[in-house]
Structures are given as structure tokens and as C-alpha cells.
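Taken in order, these protein sequences are the chains called F and S.
Just so you know, we're using this note's numbering here: the first sequence kicks off at 1 and counts up by one.
Just so you know, we're using this note's numbering here: the second sequence kicks off at 1001 and counts up by one.
FYI, nobody ran anything at the bench for these hints, they're computed from the structure.
The C-beta atom is built at its ideal place from N, Cα and C for all residues, glycine as well.
Misleading hints may appear alongside valid ones.
Stated by the list, open to error - Reference excerpt, derived from the structure (chain S facing chain F, CB under 8 Å, subset only):
#, residue
1, V1063
2, Q1066
3, D1397
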Amino acid sequence: MPFTADLQFSPVETVLVKLLHERAMYGYEIIKVVNDRTDGAFQWKEGTLYPCLHRLETAGVIAGEWRAGAFGKRRKYYALTGKGAALVQARLDEWAAFSAAMDALLFAPERGHPVRA
Amino acid sequence: MDSPFTHLADQVTDGLTADPELRLDVRAEILAHLEDAAEHADGTTPEERAAAAIHAFGAPVEVAAQLLDANARRMAWRARLRLLTSAALIPLAVVVAVALVYGRFARAQNVNMALTGLGGAQSAAPLHFPELPWMTSSYAEYLRRQQANPEPVDTRAYWEKHRGEPESAIYFAVYACQLPRDREDYVNEMRVGESLEPENALYNYLLAGYYLQKAMLAQSEQVKKKGEALRDVLYDARLMELGIAEYLKGTRKPYYSDHSLDAQRQRVLLLPKPVLTEDYLFYTTINSTIDFPQLAAQRTLARKIGGCMRLLAAGGHADEARVLAHAWKRYASHLTTGAETLIHLLVAIACANIVANESALLYDAFGQEGLAADTRRALAAFNAPKEKRKKDMPPADRAYIRRYGSLLLPVSLPAYDVLPSVAEMAPARHLEHIWLETVGVNWLLITLTGMLLLTLTLAAFWYAAARRAKSVPFLLLPSWRALARVIGWGVVLPAGSYVCLTRLPLIGVREYNLLFIGPLAILELFALLWVILYQCHRWAARMVHDRCRELAVAVPDGKEERRIAVQAGAVGYVGFAAVIGLAIATIFAQAWLWACLSLALVLTGILYRRKTLALRHYALYYGTLHRSLAPIYAVAIILLAGTAQPYLLQSERQALRADTLLTPHPDRGEVLAPIEARTVAHWKQEMLAALEDR
């Protein structure tokens, strides 16, 4: 299965598509969710997140909208567009295949070389 | 007051300067992010937390480069969209509005000029007539109504050119009617005409007039002085004899036609095909501007024939006088049969009355009372159709016309004893309504164009003020949803409501009768114009205001904004009024008015500039508002021009095609308004029947 070039270098877009499929979020919230869910294993930086969000927005996968939050603070929320929603499953499938391939590559026993006792 | 993150946000978005709106958007997003980060950062004071958030953000140069890379594509297409809006959409809207409005204005101006040309008055400027290779300069000037008639030499040259064609007799008849009687070759030319149409009495009557003009002066041609009896004067008995012979020769011929309507039919074929109401009005108007020198000649001839009868009787030539008297019916019959327009028919009646009354007086003088009574009876029957129309229209008929007819119909309905049906009158009535609406839409288009230009001018003022505040107003690129909301509330909803109210039977289909609902229709159009202008501005201003708040651009609060709007709006509209006044002053060439209005405009500009400088902290918002309003007006103009105009034009064409009363259709060979042709046919039938009965 051929993978997108981005996936081979960074899973950020796939993660963003999955998270925004759950609900609309603003930038800082996304960083917090990622950090929380990975127990701090992923420490996303603004330089990682915003360019990716803008790329997805330009591609029409997500759309940003300014909204007032709980205390009236205005933030830019991102949500999946129709095009983005159609993409979610494909991206998850792609990631599962990529992950399986990586597992096979990294953790399967080596072939062609007998295992020495 | 600047936040501790302003510098960082500016650095990070530095690469997006080419797209001010996008840069402000990203900057606001980064600021909100940093504020959130600072809230959750470690530290005991806000400054420490802010410093921690800034530290955690990473290298700004790197982030700036990544943001530029991520947004490069978006910036490129947004730049193209802005260029398209500024360089194509706005000029297109202005061109469309001006072209449509000027198109109708120029057509109306043609009608005005043709009307000015009535009675031989000079037109102010040439009309848009086609220049054809055969046209001599005087003929072209004639067509443009710059001179009353073409030179006879040109008309004859035209006949020569078309000599072999079946219509050539028409051209020669026109030439013969225009030919001045002092021409040496007059008799020869009339003989040429007679050889072309041996059975047409036209040339004989023209020749009779020619001879009798030189031969005698009838008493009815003279002005009576106090205490002086009028007498017929004989100058040349031989010429009178020749004149009488030509007259009698003419009365014995099968028909009489001056071909004026045939010529007019040929003439209007040179015009562009009429399409809109003004074209048809122009078409009808130029038909009304034709001169008929032959009609004046016929009246003079009739008076002279009366004089000849008296002179013959006084000279002892009773038999010759009786022959002349007996010929009146043939003469009246010729003129009536040959009449195709109302003016011809009225002249036929006048001439027939002159010769018939003189004949009756002659019979009285000869003691032939029976013949005299017969003549008077026949004349009364002949006059009956016209006499009937001297009476007032019955009130019921008048009410019927008012109820179901168009405004123009009573003017164009001389034969009101033959009332058209309701169905026949409907298209013209509908047409008037459509025409009024078209004027309303054109007015709206030109007002929106004025607003567009005004808002661009105001944007320039705010731009200058914003530069001093070190910011740049930008053209906002709204989302399709926001744009649809403005256009929907501003244009589609008001115009749609009007259309539903006037067109949909289920809601309130309009009875198209300007006499009854004209003032209401005008009020409705005024209201529509006001609602469209108000709604467009309101919704567009709301959209820009909200967006500017999102982008952290300083915007005045509601109360302050209203105060500024009233002050700036008043100054702006004074300037707009001055511009409109200048245009009017230019049209009427009033130098003093022009000077006053120019001064008013300059003062308005100075006032507005002072105001914008005083409010420069809001200049970015106001500059963006005015800059962004222009495309909204442009879209409204194009939308109206692309929907209302074609609909109204189509309806107008349909109504014009369906109208069988007022609109002449050249493709059906009609030159006169059909109602006039119908009237003429009806009168002729009655008048000829009166002549045959006796």
C-alpha cells in the first residue's frame, strides 16, 4: 500500500483529522489534548501545529471559525469540513497499514539468517 | 495597550505581510494561543508566565518560515481574488450600469431629438442613423431631422438610381410632391410622373394647382379687409383653362395616391429594427415628422376650383361651371381613397367640403335646388364620421378606457366609437408598467454605482489617515456564506418581495393600470430602492465590523460608531450631492453653479480629511469597511443587471410584440400605430359609402 509522503515523516495531519472529527477545537486545546492523551510523550509545539492546521485549511479539509469561549475569550476553532469528514476513515486505515508495516519492519524476526542458539 | 506577546506575534507573522487580512487573522490566533499558554504556564507573576509561554513557543523565525510555507498557496489565490475584485469586478459593475442606463437614455434622447425636429426645427445633435452608401449628405441630414426635407435633386437622384425597380414610382411621387412650383421644368417633370403612373391622378392635380396658381386668385384665399367685399381675380384665362382641364382629367382617372405612406414604409426600413419602447416611440415620432407639402397644395386647389366655378359662371360659361361642380364627388372620392393617415383624411374632408359647398352654391345660383340639396345631403353623410367624433366620448366608454386602457390610449384613440377589447388593450397597459419598473431599476443601478464610487473615494481618505497610524486598510475577502447573507438580505429579499407582490397571483398580482396604481407603484419603487441601499450597507457594515473584531482591529463601540457614521455620512453625502449637482450643472452649462458646487466639493473633501485624521485610531477599520463595501455594491449591481434587467427586457419585448393598438410593427409592413390605421380604414369605409349612395 503506498503511503502519503507526510505520513512517512509525520503523523500530525492524521492526528489532527482524527481529533477534529471528535469535535471542533482551537489550537491550544489541540496541543493540550495531544499532550494529555499521550501522557506527555508527544510535546507538540506551535511551530508544528499551526502550519499543519493552515495547510489543512488551505486544502479545504478543515475550516476555522472565530468563536467566543466560556469566558467570552475569542478563539479560532477548527472543525472538519465535509471533505475532511470523508477523509477520516481513509486516513485511519492508512495509518493502520503504515503501523503494521512498521511493526513488520521493526519487530518481526529477521529472515535469511539462522538464529544462533 | 500592547500585550507582552505582540512583538512575538508580529515576528511570527512577518512573512504574511502581503495579505494583511490573513496576517491579522494568524496574528490574532497566535496571540490568543500565547495568552492561553501563559495562563497555564509555570510562574508566580503574569510576567513570568508570559515569559514561560514565549520561551515554550520556540524560535519565531522558524515558525514564521513554516507559516509562510503553509499559507503560500492560500495567499496566492487570495491575491488573485483581490486582483480580480479590484481590477475586474468593480470596473465591470460600473461599465454594466453605465452602459445599461446610457443605452436607455440615448434611446430616449433620440425620441426627444426627433420630437424637437417636429415642424422643421433643427436637432441639437445627430441621431444614430445608419450611413448608407447611396445617401447624399442632405438626405442623411433629412433622416437625422437636421433639415425638414431632402433636397428634390437628391430625391430625384435616388429615383434615377432605382428607376428599374417596382418601387421607383413611389420615389418619383415623393419628388414630385416636394418639387417647388417655381421650377422651370415643373410641367415636364409632372409629365414624367404621369408617364410612370398614367392612372394616378396625383400629377394632374399637382399640375392643375400649378396652372391655377398662376391663373387666378380665389376669394377664399384672400384675407378679408373691413368694408371690402372679396372677389375672385383672374390673371390668365388660358392658364385657368389648362388648370381646369388637368383637374377634370385627374377626376376621370381610376385612382389617386401621393405614395407618402409607401415612401415612409421605405424610409423606416433604413432604420435599425426597433427593439425597445423608445425605439418604437422614435419610430412613431419620426413618422409624425413627415412634411406633406401636397396636402397644402390640395387645399389651395380646392379653393381655386371653387373660384373657377364662380369665374366661369360669371363669364357666362354655365356648362363648364356645372361640369366642374359635378366633379366634386370624384375629387372627394380620390382624396379619400388615397388617404392612409388621419391627416390625409382630414385634408380630404376639408377639400371635399370646399368644392361641395361651392358646387351647392352654384346649383342654387342656377336654380337647381334639387341638385343643391342632393349635394348637401351627400356632404353631410360624408362628414358624418368626423362629426360624430366631435361629440364627447360617452362616460361609460371613457370609464372603460380608463379602467382597461393604457395612459397613452385616449391620446391615440380617435375612433372611440370602435372600442378595443380588454385583451387588446392589456399589452400596452402592461408595457407602461414594465417601462416604469425599468426606469426604477436603471435608477437603482446608477445610484448603486454612485455609492460604489463614493465608498471608494471615502476609502482613499481613510487609507491616507491609516497610513499615518501605520496600518493598511485592506479588501476583506468574506466567506461565501457572509457574502450570500449580505446579498440575500440586501438585494434578493427586497427585490424578490417586490416581484412576488406584483407578479405572483397567489400573493397579490398587480392590476397593471398606471392611472389607478401609478402613484403607488412609484412609491413602491422608491421604497424598494431605499430598502436595497439600506440593507446592503447595513449587512455589509455588520460583516466588516465582526470580521475586524475577530482580527483584533480597533473598532468603535455601537454608540460611537453611530455618531461617527452620522457625521462622516453627512459630509460624504454632501460631497455626493455636489458631484451629482456638478453633473447637472455641466449638462445645463451653468458656470456659476459649477463654480459653487466645485467649491462645495473641495470644502467637503477638506472637512472629511480632517475628520479622518482625527479618527485615525479607527482608520484601519473604516478604511477596510469602505474598501470592502465597493465589491458588495458591485455584486449587487451585476446581480440586478443580470436578473431584473433581462426579465424586464424580455417582458417589454413580449408586451411590444403583443400590442396591436399602439405599436407599429415594421416587419408586418405597419408604419402607423395600428389604432390609427384602423381608424382611417373605418372612416374611409363610411365616407366612401356616403359618396356612392348618392
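Legend entry - Those earlier numbered hints the structure runs against, lowest number first: 3
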